[in-house]
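What follows is each chain in one-letter form.
Protein chains: 4
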Amino acid sequence: MKRIGVLTSGGDAPGMNAAVRAVVRCGLDRGMEVYGIQRGYEGLIDGAIKEMDMSSVGDILHRGGTILRTARSERFKTEEGQKHAINVLSAFGIEGIVVIGGDGSFRGGLELSQRGITVMGLPGTIDNDLGYTDFTIGFDTAVNTVLSAVSNIRDTSSSHERATVIEVMGRHCGDIALYAGLTGGADNILVPEMPFDINKVCRKIIQGKNRGKMHDIIMKAEGVGVDAKELAQLVEEKTGKETRVVILAYLQRGGSPTAKDRMLASRTASKAVELLYDDESSKAIGICGSEIVAYDLEKALTIKRPFNADLYHLADVLSK
Amino acid sequence: MKRIGVLTSGGDAPGMNAAVRAVVRCGLDRGMEVYGIQRGYEGLIDGAIKEMDMSSVGDILHRGGTILRTARSERFKTEEGQKHAINVLSAFGIEGIVVIGGDGSFRGGLELSQRGITVMGLPGTIDNDLGYTDFTIGFDTAVNTVLSAVSNIRDTSSSHERATVIEVMGRHCGDIALYAGLTGGADNILVPEMPFDINKVCRKIIQGKNRGKMHDIIMKAEGVGVDAKELAQLVEEKTGKETRVVILAYLQRGGSPTAKDRMLASRTASKAVELLYDDESSKAIGICGSEIVAYDLEKALTIKRPFNADLYHLADVLSK
Amino acid sequence: MKRIGVLTSGGDAPGMNAAVRAVVRCGLDRGMEVYGIQRGYEGLIDGAIKEMDMSSVGDILHRGGTILRTARSERFKTEEGQKHAINVLSAFGIEGIVVIGGDGSFRGGLELSQRGITVMGLPGTIDNDLGYTDFTIGFDTAVNTVLSAVSNIRDTSSSHERATVIEVMGRHCGDIALYAGLTGGADNILVPEMPFDINKVCRKIIQGKNRGKMHDIIMKAEGVGVDAKELAQLVEEKTGKETRVVILAYLQRGGSPTAKDRMLASRTASKAVELLYDDESSKAIGICGSEIVAYDLEKALTIKRPFNADLYHLADVLSK
Amino acid sequence: MKRIGVLTSGGDAPGMNAAVRAVVRCGLDRGMEVYGIQRGYEGLIDGAIKEMDMSSVGDILHRGGTILRTARSERFKTEEGQKHAINVLSAFGIEGIVVIGGDGSFRGGLELSQRGITVMGLPGTIDNDLGYTDFTIGFDTAVNTVLSAVSNIRDTSSSHERATVIEVMGRHCGDIALYAGLTGGADNILVPEMPFDINKVCRKIIQGKNRGKMHDIIMKAEGVGVDAKELAQLVEEKTGKETRVVILAYLQRGGSPTAKDRMLASRTASKAVELLYDDESSKAIGICGSEIVAYDLEKALTIKRPFNADLYHLADVLSK
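Heads up: the protein sequence lines correspond to chains X, L, G and B, in order.
Numbering of the first sequence is given in full-length UniProt numbering, commencing with residue 1 and proceeding in unit increments.
Numbering of the second sequence is given in full-length UniProt numbering, commencing with residue 1 and proceeding in unit increments.
Numbering of the third sequence is given in full-length UniProt numbering, commencing with residue 1 and proceeding in unit increments.
Numbering of the fourth sequence is given in full-length UniProt numbering, commencing with residue 1 and proceeding in unit increments.
Don't read these hints as lab results, they were simulated from the structure.
Since this is a predicted model, take the numbers as computed values, not measurements.
It is possible that part of the hints are untrue.
Below are the DMTMM-like pairs computed for lysine to aspartate or glutamate, each with C-alpha atoms no more than 25 Å apart in a straight line [what the hints assert, rightly or not]: (1) G:Lys-213 with G:Glu-236; (2) B:Lys-213 with G:Asp-59; (3) L:Lys-213 with X:Glu-161; (4) G:Lys-209 with X:Glu-51; (5) G:Lys-204 with X:Glu-274; (6) G:Lys-320 with G:Glu-236; (7) L:Lys-77 with X:Glu-161; (8) L:Lys-209 with X:Glu-74; (9) X:Lys-50 with B:Asp-59; (10) L:Lys-320 with B:Asp-29; (11) X:Lys-209 with L:Asp-46; (12) B:Lys-209 with L:Asp-53; (13) B:Lys-320 with L:Asp-29; (14) X:Lys-320 with G:Glu-236.
Isolated chain X, as found in the complex:
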């Protein structure tokens, strides 16, 4: 393959720029032409496409967000939009594209793939909710961002001997809450994958109080079926401990990517370019253990993500 494109789609994630940079530079290194597609599938339909060279990805490795910008596209969900996208790609002579995004972006890529474009998917989402890969690009940065918020909140929470509910991202997948909760020393971790038991939560807080613990942190994924403010009230009523709420929201989306995310982005992007160069069929690239792996794109979307119950249990033991 001689001419490829790259786009970022869906919610942005730290490390997307590192991935774009690696796609461009690995592509050029193999003598391919690389085109940057703006604003995901929206820009693809609009033909917002321009050729990239070495310097067009200079000085972006350490930046959060994505220089290609990103968007969610309603038009691309229609058959007409998809046909239009195909026409644009053929007009540019682009035979294959690298799609950096999450679940929805991959489904979009599958549509293109079924219309004859080779699509390599890179897992670009902070949510770590893709089943075929151990980790997604942006997850490690998001978890570390939550950790630094936790350390700020711990200061003030201890000074006032308060409990704090920290709500983090994760509608269906509780990994941000699980990883940040375990590594942040949260006393309680609430994830969508596990039943929510207010009494268990309060029990631990009361036990901690009796042990002289000054602060309590309840790490809650947004997907858990209880409103953060209501949860705080319940806790206050049942434990008698003043309880506050912090919703981290979009803070978790930005920031300079960590080494781990830059590495994952660089390695998966390099693999995607290699597969395009070898004219392989559409794949989803990810990491399994230390190995970069590639699954058939359609199959990858069917792989369910197992919840890591061992970590959940370990977190519980460590915060007893």
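Position chains L, G and B relative to chain X; hints supplied.
Just chains L, G and B now, kept in the frame of chain X:
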């Protein structure tokens, strides 16, 4: 004076530990005994008081929060509570105390002062809402914490070409919003001191959009009379630009204090100890320009804080 | 096993506290008694040992360094020292210990193991130089610390259009240089595992210059056989580009551990306690892919670490 | 005045971009044309000058370094070079320029001023060594950068019970060492303005050791007449305490500017533009207390900077 106490009261602020450390070490250096009073006026009433030495304030200079802990005390608002506090102090032979806190804590100190205890007030609050001092301990840290949040939000906000409303602390005083807004490049700054004009806000966003600006940040103090979510909706309707909300809340209270806050804390604390040593009457210590200043405690509470309209105007010019 | 000890030995690493915390809490959770041994094998010989409870490891998860302190022990290298250590352990009734450290610390543990004490080794070193585990505790933090230094240096280096030699830790293992170099966008990476070619270094700098690159970063592991200052001079002579040197030294040793290091520390510590509880023989615990693994302690020390040539090549492609 | 220029010169400092941005936007707001001059006086001589608009300074407020780049110019020291610079300026119709830099840059500006160009100097240097202003742009960021290095070093230094010599910038002015030393809790602060007494240094370390202090930090300005390595050896010999050296070097030059530096840069730049607009004569702009002040450029260079002996003494008391 040979025996003094120190307490932190009201909302905690980064730098309170630096102040406690300086009170203890400067006191000991002058041959005084220094007692730490736990949980503000609550602990004072309870007699939760212990003598401090050099090492009891070791390794705290860089920590957020306050090792003495803090609280708001209802009991101390009663005459009975205040009398009780006086008895405790005389039982310990403590003739003067350093109170690190905000407006309310100083009023509490005034009550003790009128009952014969010398009280030196240090401005410990992130809000920068004390009229007699240019800056308060914790303000600089809070502003820098907001700045790092802004830089995270800028990443994702640019990638999605969104506007974001960032709500920061400040019920009556908009300084956090003003300083973080100006230095964070916010397009709009909303503070309680100035009238809120939704049309002016939207005008700037639309102008920025036409100029190709990718992100817009609206820095809003909590004291401004409009709900953050409602504001976001209004902006979205009037500008057609997707708008999100982030409420930083207690994040702003924690974190390792900046050099400026540690310096302010150390210098004001040293001054407070000097004044106690010299048996001066109750004072509020602050900074004016580069000078550490001390006003009569009662008088200090009457000084109104002028809003810095020049900075507000400059911020407007810089973000045009 | 009912009574265990834990010590940190050799150079400290961020995450050692997270490991100590997990050893203590997992041990208590299994009904074991856990003793903290101060200053590594030095403190063991001196009997500087005290029992730990839940709170003795409170509020340390996020701290760099090690609350148990660490040291290199000459005395322990002697047979007499080792015998003495065994006597101390039996006096305390400690049947097994967790040793958190690097290569040398594990060899020390092996001596105890051969004298009848069960020893579980956790990989605590920033150098990532243990062959039996993919990663060591502290490595991820060190790499991210180097990244933030790189971003500071990039600012000034670009402003002056300079090259900068950054020397990082790694006498025999170049992983810090390799990972920080690849993820920091270094133009050249010098590691002990690969031959040093001054001409290749200068070639890339000259090419970058011609491409309009403003800054160049040469990431050098200390183990590479050329003095950093001499290297800078050579580069300046051969490329005509002003070249500076920064030696990060002990900066890389400290800092709050990253989520990845806290997780690795918590998981390996939990495994070590489980193995002690099950009266397993001495082991070295590590991570392989996503799995926590345990090798026979003696065997683990014989496993050579392969250099990751793929990453080295990828870094070269990305910085071309 | 209708057409002005702006350049950054000498060593770069965090906040220079904030100053450039404010010069451009305040200038445009007053209806002036603003030209950016590349690489300081070098670019001025070369005519590397281009007009700036609102967007040419977008997204730079938070970046370290300077987008205009900077250099030291030998050519500009010659009369010929200066004449040439004047010709370039008149060819572009530029009547006044804002020079952002230190002492040397101001002297260069004075030459232009004496040849009929109005020059407004902004204090852009991390060294805080300009006598006419309380603070320079970049100083606060540099001090905070040193503080975060101190906190990393404290971790490892405590774990090993070591002393560490930290060498910071400052050839003639010890302010970085003084401010970072006081606010970082250094046990000893060595500045060029005060005599160096090895015995006093060791006395404090020995006293700290006897008080159970685990780490010692010696904050040394580079201008102090003793080599850092030799100092460490001396300390080790005289105190028996293992002593390490860290030289922060160019780390101190980079990093995202703090709120304080961005504010100082914005306010002084706004003042400079106002003075140019009002056709005032050449001035040096600075801050005195909270007020932005402007001195005659030539006079400003004659003002000596007094050493702050009170802070030096306070630091000593706090670390006793």
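Now for the hints, and whether the structure bears them out:
{"no.": "1", "hint": "G:Lys-213 with G:Glu-236", "in the structure": "holds, 16 Å"}
{"no.": "2", "hint": "B:Lys-213 with G:Asp-59", "in the structure": "holds, 20 Å"}
{"no.": "3", "hint": "L:Lys-213 with X:Glu-161", "in the structure": "violated, 44 Å"}
{"no.": "4", "hint": "G:Lys-209 with X:Glu-51", "in the structure": "holds, 22 Å"}
{"no.": "5", "hint": "G:Lys-204 with X:Glu-274", "in the structure": "holds, 24 Å"}
{"no.": "6", "hint": "G:Lys-320 with G:Glu-236", "in the structure": "holds, 20 Å"}
{"no.": "7", "hint": "L:Lys-77 with X:Glu-161", "in the structure": "holds, 21 Å"}
{"no.": "8", "hint": "L:Lys-209 with X:Glu-74", "in the structure": "holds, 22 Å"}
{"no.": "9", "hint": "X:Lys-50 with B:Asp-59", "in the structure": "holds, 22 Å"}
{"no.": "10", "hint": "L:Lys-320 with B:Asp-29", "in the structure": "holds, 8 Å"}
{"no.": "11", "hint": "X:Lys-209 with L:Asp-46", "in the structure": "holds, 19 Å"}
{"no.": "12", "hint": "B:Lys-209 with L:Asp-53", "in the structure": "holds, 16 Å"}
{"no.": "13", "hint": "B:Lys-320 with L:Asp-29", "in the structure": "holds, 8 Å"}
{"no.": "14", "hint": "X:Lys-320 with G:Glu-236", "in the structure": "violated, 58 Å"}
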